[in-house]
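Residue numbers (the working numbering), protein chains in the order written: chain Y, 1 to 372; chain L, 1 to 529; chain B, 1 to 264.
No lab work stands behind these hints: they were computed from the structure.
Errors might be hidden in some of the hints.
Stated by the list, open to error - What follows is a set of in silico ranges between Cβ atoms, one per label pair, in the way DEER data are often shown:
#, chain 1, residue 1, chain 2, residue 2, range
1, Y, 36, B, 93, 53 to 63 Å
2, Y, 323, L, 494, 40 to 50 Å
3, B, 166, Y, 157, 27 to 37 Å
4, Y, 123, L, 346, 36 to 46 Å
5, L, 99, Y, 333, 54 to 64 Å
6, Y, 123, L, 395, 57 to 67 Å
Think of the CB as a built atom: it goes at the ideal place given N, C-alpha and C, for glycine as much as any other residue.
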Amino acid sequence: MHSLSHLFLNPGDRRFWAGFTALGVLFLLLVPALNLLLPADSALHVPNYMVTLIGKYLCYAILAMAMNLVWGYCGVLSLGHGAFFALGGYAIGMYMMRSIGARGVYGNADLPDFMVFLNWKELPWYWLGFDHFWFAALMVMAIPGALAFVFGWLAFRSRINGVYLSIVTQAMTYALMLAFFRNEMGFGGNNGLTDFKDILGFDLSQDATKMGLYLLTTLVLGATFLLVRFVTASKLGRVMMAVRDAESRVRFLGYSVTGVKLFAFTLSAVLAGIAGALYVPQVGIINPSEFSPANSIEIAIWVAVGGRGTLLGPVLGAFAVNGAKTWLTGAAPELWLFALGALFILVTLALPKGLVGLWAGLRARVTEKSND
Amino acid sequence: MRAFHLILALAALLLATPSARADDDFSTALRALNADSYADKIAAAEALAALGEGRAAPILDALADGRLYVTPDGAILIEQAGTYLEPLSQKIVTTDKAEAITVNNRLRGVARGAAGRLALFSPNAQARGAAVEAIMNSPSDEAADMVRAALAKESDATIKALMVTALASLDLSSDNAGHRLAAVTQLADSSDPSVRSQIQRLLETETDLQVRKVAEKTLGSIEFRVTLMGFVANLFQGLSLGSVLLLAAIGLAVTFGVMGVINMAHGEMIMLGAYTTFAVQQGFRAFLPADLIDLYLVAALPAAFLVTALVGMGLERGIIRFLYGRPLETMLATWGISLVLQQVVRQIFGASNMEVANPSWMTGGWDLAGGFTLTYNRVVIILFCLAVLGGLAALLRWSSFGLHMRAVTQNRPMASAMGIPTGRVDAMTFGLGSGIAGIAGVALSQIGNVSPNLGQGYIVDSFMVVVFGGVGSLWGTLVGAVSLGVVNKFLEPYAGAMLGKILVLVFIILFIQKRPRGLFALKGRSVES
Amino acid sequence: MTDDTLMDQPHGPGIAAPGTILYVDSVTVSFDGFRALNELSLVIEPGELRTIIGPNGAGKTTMMDVITGKTRPDQGDVLFDGHVDLTKMTEDQIANLGIGRKFQKPTVFEHLTVFENLELALKCKRDTLSTLLFRLSGEQQHRIDQVLGTVGLKDKPRMLAGALSHGQKQWLEIGMLLMQDQRLLLLDEPVAGMTDAETEATAELILDLHKDPHHSLVVVEHDMEFVRALGARVTVLHEGSVLAEGSLDAVQANAKVVEVYLGR
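If we strip away everything but chain Y, and leave its shape as in the complex, we get (with noise of 0.2 Å):
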């Protein structure tokens, strides 16, 4: 694992700009050209499901991530990690709700239909701006920031860490699937947000705009990219990692642990929110089941599958569970479960460094074999 970390953490390393460019052109063009160049017929053809399928596994692969980057990195375990994503979710949803205007079943333009159903009669103050794309965009970073950073200030202060901290975040995370179930919330209750329009003027049923939303989550997941490698290849890179290995040596080293660990939190926090934001227009639906515990623990495998602490490892893990579960609730649903299961415990036990570590090892043999 680690000389492979090493080769994609040293700056300006011509393999990691290589593999950079290899993934951009799979996802940025291979795939959008057999999409819409080659004819329905061909057997290479990708079809639009398919495209709209990859473009959620993107949004995934954003999310392990985030996961990664406070989990794989400052090892800290947040198993409310969905909680964020579907804050951003509910962001642009709520965005999204507006811009149906009077276009809803009960053609009112102040509100949204589940609040006439409800016999609301006005908007309440916190959907106030989401008629503003850029006010929600900034919103769909803003929420899961600052919950991060005000539940991160406090638990991180208070030195709560290790499985206290997954166990809180678990709740945290219950918590706001109960706060969202609620009717009264104002949030849609049990059905959550849907029968979106459209989404800055373009028509959500239409090819060409799923086409635009694939394409904007490949570049953010470029991004995002760039973004977690300037991180970890920072000092600050190495300081959390001293701090998943050594919490309190590196106190004694003169860094505030807090500061440390809240940065990485709420940075993640916000990686994961885009994700829920960029996730949600290609979906058509949120709703309160996002916020449920186990979708923030399925995050973690992910990361695991691909391997902790790894720039590449929680994109493969990301795309190889979520293909996994595709394929096989597909093929056979009652053995999901079962697979997602075994998975947990053979990746804990047998596999700690996941696929990339698995690769990087038989490559370490395969190169010992040949000097021998």
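Please build the complex by placing chains L and B on the supplied structure of chain Y, with the hints as guidance.
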């Protein structure tokens, strides 16, 4: 007003009761039901009811059900499963000429209400009691007079008391200030929240000064009693919830508190215990005489303990022991285990809820004042969870296994050097924690649904209890569970169930900022490092 | 005590002990009824080298924990530089004041390289933002190379610290202490597990540091040869308080000390 006159007539009739005349009136009123317009039919139904005779009730019921027929010669018959009954003579009549009397919704409502009030004169005491309660829910002047009439004839003491209270609350809306004053005086001993709101309503419009004064005093004493009853009810429900939380958390206090292992599959151990209970119940039903069924719960306890303890020991030896010292990984692996266990149960028993019946000795409850019931199953669970906690504390304190367990927790290398088989102690400790979860499952099967998701509902709560109470302290787990249960139930009336739960979660999250090690934390070097 | 008048000053906030680098007064720490420190008082003057000895459980490590902010005392005052109250500060704030610590068990960052370990210890602004934007200057690079030479790890900068031998980890940790360039250095059993030659080199290094009046050093050690080699004033701790103080020969002749070490 017309009805009022009728009732006065009725009262007179009741006092006089010359039976022949009454029969004549009754039969006339009965025939009047076969009127042309609905308005006339309604008047006739009311008139019939006003006669205050219990035998009118089945006729009005039949009318409401559309089972009242009329022959071409005007005789009224009740249809019952294809035969006709002559209501006056109670004889079966055979005819094919009868036609149903048509009813509309309004008539149906009147007939039903009238039949309900007439139940006041039913020979069955229970039916009379039910009628009084029904009348309380839709008070009117006629109803008050009717209850007064019924009260005069009532012989059963309980029903009589009920009628007195009912009459008093009906009299609150009487035009007669004397009646109202008597009523508010009468009601001073009540602890019924609906009486309280009636008096509040009275006070909004009452002009008579003396009535006001007494009513205010009565209101005060009722409010005190209602508050007290509410408090007792909340306390009991809180204790009940606390005992459930405690049962779910005790096993966790062992695995997390003693071993430091976060077992995310703990909830599934509870679930397995509940399914074992279900299986034992089915076994009893299939293979043992029916009169032994009440004992199935007794057999389910050891069975559930054994099953879950064995599963727990298997997991510890097979998976968890390889992850000691890696708590976060343990958490993820045990989460995986929980998914597998859920799916296994889903494959065997199906995804739907299983029915586990309370044994007869756990069914029912004590009725306390103010419509509040102490159900036996909840009481049994409170006692049971205290017994489990006490048993566990005794085991840890006095058995050699408990001693070994504490030794291994405090200093593993030293315990190992002294010849304690640490591996076996680990397995047995984990088995113990899981077994207790299984027992919790037996208890939870008695108050809720048994489904593969049963455990998921408890996992966050039980972790909160352990963290709040203080990891490694059974006393802390007890105090944590009970206080969270009680606080939750006291919040519910103000905040609603869900918001109450959210507030409790937020409170705990904030609380452990202040005391990261919980209420009853151990302080020492070993804990800090 | 060097200056008895210091001990007579009133307690409480706002107190000062001018002319001291470390001032510990009546500090008590208990864990579940067990008194790890019992009204411990100790004064270190600027530029002083002090060795602390004592049997196991005497409270040596707890004393270091209190000074570095890891453990809060139940009562008593701890002042740095004569006026800074350490009992209200966190570990990182205390480290940034100028107090460095080397642990009994070597704790280096095993997943980082030797170079990166030293880089983290480097004296510079340590707030989160500055750390994110940090760029190593030529001068700092030079300083790291210098320390690498001092601790004998010149040929291993790219090696993972986890792969070092026990002795090398001890040296790396001493190197990290040097990188911090602190005013008060606390060394908890710095030569545990070292060979004789390494022990000798460590003693030399400590004496070398002592030559600079900018440094004050407190060394906790069991190895009497090593303590003798340092030739500094010795404080004997026993059951959480000071049993004796003076030159090594003086305390070794002290009847109470003999009883504590040999009598039981």
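Hints and how they fare:
1. In this structure the supplied range 53 to 63 Å holds for residue 36/Y paired with residue 93/B, their Cβ-Cβ distance being about 59 Å.
2. Residue 323/Y and residue 494/L have their C-beta atoms about 48 Å apart, which keeps the hinted 40 to 50 Å range intact.
3. Checking the proposed 27 to 37 Å range against residue 166/B and residue 157/Y shows it holds: the Cβ atoms sit about 35 Å from each other.
4. At about 43 Å, the beta-carbon gap between residue 123/Y and residue 346/L stays in the expected band of 36 to 46 Å.
5. Between residue 99/L and residue 333/Y the beta carbons are some 59 Å apart, a value that agrees with the proposed interval 54 to 64 Å.
6. Under the hint 57 to 67 Å, the C-beta atoms of residue 123/Y and residue 395/L, about 59 Å apart, fit the expected range.
Of the numbered hints stated above, none is contradicted by the structure.
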